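Number of protein chains: 2
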Amino acid sequence: MTQAMTSTEAPAMTNGLNMEALVGTVEAVKQNPMLGQFEFRATNKWIDGGENRSRIKEFYGAGTEDESRTSAFEFTNGEPPVLLGSNEGANPVEYLLHALAGCVTTTTVLHATARGITINSISTRLRGNIDLLGFLGLDESVPSGYRQITIEMSIDADCSDEQLDDLLEYAKGHSPVCNTICRPVPVSLERVRA
Amino acid sequence: MTQAMTSTEAPAMTNGLNMEALVGTVEAVKQNPMLGQFEFRATNKWIDGGENRSRIKEFYGAGTEDESRTSAFEFTNGEPPVLLGSNEGANPVEYLLHALAGCVTTTTVLHATARGITINSISTRLRGNIDLLGFLGLDESVPSGYRQITIEMSIDADCSDEQLDDLLEYAKGHSPVCNTICRPVPVSLERVRA
Numbered sequence: 001m002t003q004a005m006t007s008t009e010a011p012a013m014t015n016g017l018n019m020e021a022l023v024g025t026v027e028a029v030k031q032n033p034m035l036g037q038f039e040f041r042a043t044n045k046w047i048d049g050g051e052n053r054s055r056i057k058e059f060y061g062a063g064t065e066d067e068s069r070t071s072a073f074e075f076t077n078g079e080p081p082v083l084l085g086s087n088e089g090a091n092p093v094e095y096l097l098h099a100l101a102g103c104v105t106t107t108t109v110l111h112a113t114a115r116g117i118t119i120n121s122i123s124t125r126l127r128g129n130i131d132l133l134g135f136l137g138l139d140e141s142v143p144s145g146y147r148q149i150t151i152e153m154s155i156d157a158d159c160s161d162e163q164l165d166d167l168l169e170y171a172k173g174h175s176p177v178c179n180t181i182c183r184p185v186p187v188s189l190e191r192v193r194a
Numbered sequence: 001m002t003q004a005m006t007s008t009e010a011p012a013m014t015n016g017l018n019m020e021a022l023v024g025t026v027e028a029v030k031q032n033p034m035l036g037q038f039e040f041r042a043t044n045k046w047i048d049g050g051e052n053r054s055r056i057k058e059f060y061g062a063g064t065e066d067e068s069r070t071s072a073f074e075f076t077n078g079e080p081p082v083l084l085g086s087n088e089g090a091n092p093v094e095y096l097l098h099a100l101a102g103c104v105t106t107t108t109v110l111h112a113t114a115r116g117i118t119i120n121s122i123s124t125r126l127r128g129n130i131d132l133l134g135f136l137g138l139d140e141s142v143p144s145g146y147r148q149i150t151i152e153m154s155i156d157a158d159c160s161d162e163q164l165d166d167l168l169e170y171a172k173g174h175s176p177v178c179n180t181i182c183r184p185v186p187v188s189l190e191r192v193r194a
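Order-wise, the sequence lines are chains A and B.
The first sequence: position 128 = 128 (the numbering used here), numbered continuously.
The second sequence: position 160 = 160 (the numbering used here), numbered continuously.
Bear in mind the hints are in silico, worked out from the structure with no lab data behind them.
Since the structure is predicted, the reported quantities are computational estimates derived from the model, not experimental observations.
Hints may be right or wrong, so weigh each one.
Same chains, same label: a pair holds when it works inside one copy or across any pair of copies.
Subject to a maximum C-alpha distance of 27 Å in a straight line, what follows is the list of computed DSSO-like cross-link-like pairs (lysine-lysine) [what the hints assert, rightly or not]:
| id | residue 1 | residue 2 |
| --- | --- | --- |
| 1 | Lys30 | Lys45 |
| 2 | Lys172 | Lys30 |
| 3 | Lys172 | Lys45 |
| 4 | Lys45 | Lys57 |
Throw the hints in and build the complete structure from the sequences for me.
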């Protein structure tokens, strides 16, 4: 999916992205939309209490099983003492904020690059509000998830404020994690024999 | 919010959770529902291209600013080469699967414990499907997020299959991350001066 570099010169990079590869990817997906189909995966194992660990490595995309990763990424979920854990790791709703922060940032960088905008810096600060009455099953009228998530983004780029606002609105609308949160996405839970 | 242990004996643990503390937490929130209000937070900084890093430490909950963490958790988002990165870390949509796996697992363990069910093991396998035509802005009718996420859970517990199916349906409905994905949750993106 990425274009082979035929020159021995360093590739033209904008915002840390190889422009030639970006254009090549977009053209390849335009020509063959099936290349846009991706399946991401994770496995997870319960350790004890609120502690569990995920392993992430393989995925399918661009028409093939990816083989670029020689080892798996591993992440540990935990809970703070107030939620009956001992801070074995960040907790799942905190990992969700990390995923959202990263996705909105990467989507902003990618589409800035496509627009020829150079970004100097991006920092975000997220907060999400949850009422645990839902999670604990104490009030079934209270949703168990986040009520609202706010992202404050500090961004410095070589464009006008109008271009920046347009870019951020576009990025918010095209960020896969943001869209997964903003839109109702079906999750199925199937029990398989232990 | 956790009850002080007045005995010098080890606390009664079920599934790695302190039952006395669990009952104490539920009773405290019942008495004073404001204790159920939590605000989780993350900050994130763009590094380059598809690489960025989050820092997670403080949160508000149970009526106070939590001070249990002496250092921050840090996580790096990256992208595989086919998505113009060099596997600097798992990517944001993969972290979302990790968050979902952990949350459904922890919610299952918590509510099993409340029901007096002992769990011997839980393993999950997740897959989520995305069509990158949405993310790349090549087809505005294609959502940029996950179309569907499937969780296969292998669980062994000392209860009947009927009790297990009832527990899993309840856990799916009360998992904060699962609920945040299944339900449309508002995300606001505010630009602040760099």
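Violated constraints from the hint list, given by number and in increasing order: 1
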